[in-house]
Amino acid sequence: VQLVESGGGLVQAGGSLRLSCAASGVIFSIYTMGWYRQAPGKQRELVAAITSGSSTNYADSMKGRFIISRDNAKGTVYLQMNSLKPEDTAVYYCNGRRYERNYWGQGTQVTVSS
Numbered sequence: 028v029q030l031v032e033s034g035g036g037l038v039q040a041g042g043s044l045r046l047s048c049a050a051s052g053v054i055f056s057i058y059t060m061g062w063y064r065q066a067p068g069k070q071r072e073l074v075a076a077i078t079s080g081s082s083t084n085y086a087d088s089m090k091g092r093f094i095i096s097r098d099n100a101k102g103t104v105y106l107q108m109n110s111l112k113p114e115d116t117a118v119y120y121c122n123g124r125r126y127e128r129n130y131w132g133q134g135t136q137v138t139v140s141s
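Quick note on our numbering: the sequence shown kicks off at 28 and runs consecutively.
Quick caveat, the hints were computed from the structure, so don't treat them as lab data. Here a beta-carbon is modelled for each residue, glycine too, at the ideal position from N, C-alpha and C. There may be inaccurate statements among the hints.
Derived DSSO-like pairs (lysine-lysine); straight-line CA-CA distance at most 30 Å [as the list claims (entries may be wrong)]:
#, residue 1, residue 2
1, K69, K112
2, K69, K90
3, K90, K101
4, K90, K112
Quick list of the computed label-pair ranges, beta carbon to beta carbon [what the hints assert, rightly or not]:
#, residue 1, residue 2, range
5, L37, S96, 20 to 30 Å
6, A40, A100, 16 to 26 Å
7, Y126, L37, 21 to 31 Å
8, V28, S141, 31 to 41 Å
9, A40, G80, 29 to 39 Å
10, A100, Q133, 35 to 45 Å
11, S79, S141, 17 to 27 Å
12, G52, S82, 35 to 45 Å
13, S140, S56, 29 to 39 Å
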């Protein structure tokens, strides 16, 4: 199983980025997919998740700014990040889970400059 993130980078405050996570080796459509992030010195936290039925949930601080979506035909989950703030700076990780199965990507760095 592989989850490969892309789309991270450096952006100014107020800007946007779109992260992608391509999955292989799994039946993508049946997995709940999520994005987590970890800033230096902090615990990894949930950003957003989307179920196999495309129900979504977001951390409170991301509501209204971030949008998670999935394309089952492409085996890819996306995170559209708008109105980025310096406090959004972190390594963003893709996650796929179904029952006891839990997979992580290698992470992609997002840096928001003020």
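Hints versus structure:
1. K69 / K112: With Cα atoms ~17 Å apart, K69 and K112 stay inside 30 Å; holds.
2. K69 / K90: holds, 20 Å
3. K90 / K101: Status holds; Cα separation ~26 Å.
4. K90 / K112: holds, 13 Å
5. L37 / S96: 20 to 30 Å: Cβ of L37 to Cβ of S96: about 24 Å, so the range 20 to 30 Å holds.
6. A40 / A100: 16 to 26 Å: Violated, at about 35 Å.
7. Y126 / L37: 21 to 31 Å: Violated - the Cβ-Cβ distance for Y126 and L37, about 38 Å, lies outside 21 to 31 Å.
8. V28 / S141: 31 to 41 Å: holds, 38 Å
9. A40 / G80: 29 to 39 Å: holds, 35 Å
10. A100 / Q133: 35 to 45 Å: violated, 24 Å
11. S79 / S141: 17 to 27 Å: violated, 38 Å
12. G52 / S82: 35 to 45 Å: violated, 24 Å
13. S140 / S56: 29 to 39 Å: Since the Cβ atoms of S140 and S56 sit about 37 Å apart, the hinted range of 29 to 39 Å holds.
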